[in-house]
Amino acid sequence: MSASRIGFRVLLRDPMGLFGLVLAAVLILSALFAPLLASHDPAAIDVAVKLQPPSAAHWLGTDEIGRDTWSRVLYGGRVALAVALSATFLSVVFGGLLGLIAALGPRWLDQGLTLLFDTVRSYPVIILALAIGPIFGGGMVVLMGLLVATSVPYYGRIMRTSVIAEASSDYVEALRAMGMGRIRIALRHILPNVIGPILILASMDIPGFIMAEAGISFLGVGVKAPDTSWGMILDQGFRYIGHTPWLVIAGGAPLILATLGFTFLGEALRDAYDPRLKRRG
Amino acid sequence: MGTPLLEVVNLGVKYGPLHAVNHVSFTLEPGRILGIVGESGSGKSTLLWALTRLVPEAAALNSGEVWFDGEDLLRLPPDKLRALRGGRISYVSQDPMTSLAPGLTIGQQMTDVLHREPWPAREKWARAVDALDRVSLPDPEARMRMYPHELSGGQRQRVSIAMALMLKPDLVLADEPTTALDPTLEVEILALLRRLQGETGAAVIFVTHHLGVVHSLCDEVLVMKDGEIREAGPVAKVFAQPQDDYTRRLFRCDPARITNATRRLPTMADAEVERPEPVTGPAGRVKLEGLPVLAFDDVSVTYRRRALLPQALGGRSEDIVAVRQVSFDIRRGETLALIGESGSGKTTIARSILGLAQPGSGSIRLNGRELLGQDRAGWTATRAKVAMMFQDAGGSLSPRMTIARQVVEPLIVHGRPAEATRARALELLAMAGLDARFADRYPHELSGGQARRAGVARALALSPELIVADEPTAGLDVSVQGEVINLLKGLQETLGVAILLITHNMAIIRHTADRAVVLLKGQVMETGPTVALFAGAEQPYTRSLIAAAVHDLPEPEGP
Amino acid sequence: MLAFICRRIALGFMVLTLATASLYVLVQLAPGDPASAMLGPRASPRIKAEFREKLGLDRPMPVQIVNYLIAVGQGDLGIDLKTKKPVVETIAAHAPHTIALVGAALLLATGLGIPLGAAAAVRRNSWFDRAIGLISVSLISIPPVVIAICGMLLFSAHLGWLPAIGAGEGFRDNILHLLMPAFAVGIGWVGYIARLVRASMIEVLGANYIRNAKSFGLTERMVTYRYALRASLSPTIAVLGVGVGVMLGSAAFAEIVFARPGIGKMMHDAVTLRNYPVTLGAVLCATALLVAATTLADILNALLDPRFKENRD
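Protein chains in written order, with my numbering: chain L, 1 to 281; chain U, 1 to 559; chain X, 1 to 313.
Think of the hints as simulated: they come from the structure by calculation, not from any bench. Just to be clear, a hint being listed does not mean it is correct.
To be verified - Rough simulated footprint, nothing fancy, chain U against chain L, three-plus residues with beta-carbon under 8 Å:
1) 169–181
2) 186–199
To be verified - No more than 20 Å apart at the CA atoms, straight line, and that leaves these computed lysine to aspartate or glutamate pairs for EDC-like:
3) K224(L) x E89(X)
4) K80(U) x E220(X)
5) K385(U) x D271(L)
All of these numbers come straight from a predicted model, not from anything done at the bench. Ideal Cβ positions, reconstructed from N, Cα and C, are used throughout, including at glycine.
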């Protein structure tokens, strides 16, 4: 039986993994079906009903300009998921590509790319977002660009290290002795062997992106109106804490559940696919 | 004969449902040397470490008693057991590369052994230096300040032995201490152990799979298989007249015990009665006329180790000569052995045939055609005619592809995908002695011997004229070595392929190679027909290699 | 060893220089004219003209970059548009609070995380280990900003045990004001470090040399701390070095929630006021801190395990 299938079975038996899987599924489904589940238009303003506690009409109450919190939470989930998943995907793809080029290319290119990675990695993300975001006008695209740009070096380095390590394995020697070209070996043999752990690492990064997006939006330099974000709701909640606690809860609770769910899932995935446990199942 | 030093009664160790050690009982008198032989999986190492309860958590020491000096070690409270360790019972373990902690200096680790003693730091230091001196480690004071990775394997093993003997224990437990070492180094370390045992009078239990070592070093022997003792007794008696069937077969299979060269090595599965047939005269398959398949002429390979600092800041790059003006040739249908220990250059030579290493000078000709300096097309053609079998057979197979796919991979690489059919894969596997059920397995599901055979099957894919086999018997149990060798020889008989055999195992060479080239530090020491070398080699280095492999074994008396 | 330390510091400087230059170029890419991008719409035309001249915005890009680097190197980060004083002064006033906060968080993370991780590894698969595992993963999952807000509400607003605002006066008061923010920033790292140390140690504890050390009669304590933990620390130190970057971000949230006068809060206020010289100066300061942290981590690792140096190149 191949390693992937053994791993999946182990995952299903781990209570933490199952819990994470359920939470993640709930988030994904609620994001997908947000328009159906929402009770109001999340951008609809109605100052007359501002800062209300939960009621039959507004399940989680309203914010300071009368927008329905429940709907905003749902659409905030969309944003969180969209940003986290796209950022992860793009970082892995671009980072992996650059890392592959660094590992296989000439030495000068490798050194140059490594230096580039080290340079970009030295910017603290949140601080950078605070400075750069406003200069470029803020918004979701700028936010994504920042998140991807600062994560590419991470995956680039991992891919580079993994490929170089694999390249010195015996089976690569054997393939070269057979006459196989380096690029072909990299794509057909090395890449499939290293991609697994990298994907696991990527899955463990998703909660980090969710938190980063929420945090940057909390600071006001991330997602802009008319989009919503849990971070924005949290920020409003913090500012209006004297009037109602419900905004903080509405912003904070889904955030915690989402990061909890994806973290548990990621940890369980990592344990399940641990190469040392190859013979389990 | 007083009271025994160690008395083991009915010891059992289980890993879940599996009995790693089962109903083992024996005694050991003070000052005696006991050898425990067995193949991998026999439980001999587990037994050794179980004596002081140093087994992994997954193992259960569920039955038996281990009596040492009036106490049952299995039931002793942990701190009393710890008091015995190092002081009265100590271990020498197998792999010098991983037996010392990487982040601490030699001096720190050695003085740590003395942590219980009340002496001041300077005294402990002096004793440690003294211990290093007694194991013949040069410049012990300097070594104390070094880290393990700065020492060679042999030096590290000496340090381990010094640590084991520092507190003059009554019992030394050695777990294959020389298995990972080159033959000549192995002989040195064994001689060292013998000397130290004589000086200190300690009792020793020596676990190994090398029968010759047991015969020359030990007083008594235990033969283990599958966790049980098959035979026990004084060495001379057991070796001359083994009673147990498994023991008999084991002794029979050891290539080192067969002093006349044979065409076919006995294996465990062979019927008992068969005696190995001796070789008379050169093999008929070797074609002496015509061009040699491979000719090495004055080849040198130099590696440049680049300095960390550029030249301007004082960085110097080092030139390491791996191969120095080596010449030899291989005839059609012949088996040539390239003998050398680590650092001899034998692997570099193998890699240069396939274009994986670049010689700086000399010429390599395949069927008369020069290999050095040829273009890509030339190398592709070369790789179709020369196939390589790697030392780490399992590691040389891609982890995520099935065996069947990998065996025909060379055909795909060389632009013959139409031939890379499943039928051909099964055919190749069959030639290597693997039946169809192995076709869809993954490398990690194969045993050492099976992985080796898969490597052979892959090497045959393009019907090569020359097979380069890098240490084909390394890491294999004695009983399996014969199978792999017989396979290669059989293929040679049927296909007429030439074989370049790279190894340091002289015992195998005697039965496999027609001629041999002895290498030391990149240079050819001696060349000649194998029979002649074994009858009387000229070079002392060759003689020492032969002596290391063949440990004065008596001819086994008939069944 | 000394050679390695010098090389590593030199590399750190090079990275910092490149990062500064890249930041300058990045800002130039923003829409609008470069002076507005760097100074913000609030800057008066006079300031913008001075800026243009000093940096030579009409000169080719490499010259601009060099000019900028020279300016930064001399400590000239521009003028704080709010206070009209040099940006360096503003940053110097706020930086110590952030450094104290991150330092306290690091102390919390290592002080609790490493022993818990080691203890879990030694008692592998026990109820203790599983409990630590669950707690660790849960701690990792809660965003610092949420912890900060909840902590503030619970311990300050509701219970009144700890101060809510500012950094405090005097040493003892400073510590009190540091407790909750440090907790918010560091507690997630306790879980992360515990997991990391546990995993490293389990791997190390299975090594041959550990069994050998035990066979020489070394105590469990010696084996666990002197042999096993020492070997396991390397990845932890590396992670912490890089983690300072994330902590700087979390510190920003904590500072805003608790109104602590650190770099994060300074930046947040500056953004609201469009005080761009301050925000850009703050990025440079934070970047310098992060580069210093990673450099220090590498040097520490080399001191702990001499083989580390050989793997670097």
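Now for the hints, and whether the structure bears them out:
no.: 1; hint: 169–181; in the structure: holds (count 11)
no.: 2; hint: 186–199; in the structure: holds (count 3)
no.: 3; hint: K224(L) x E89(X); in the structure: violated, 32 Å
no.: 4; hint: K80(U) x E220(X); in the structure: holds, 13 Å
no.: 5; hint: K385(U) x D271(L); in the structure: violated, 45 Å
Hints 3, 5 from the earlier list are contradicted by this structure; the remaining hints agree with it.
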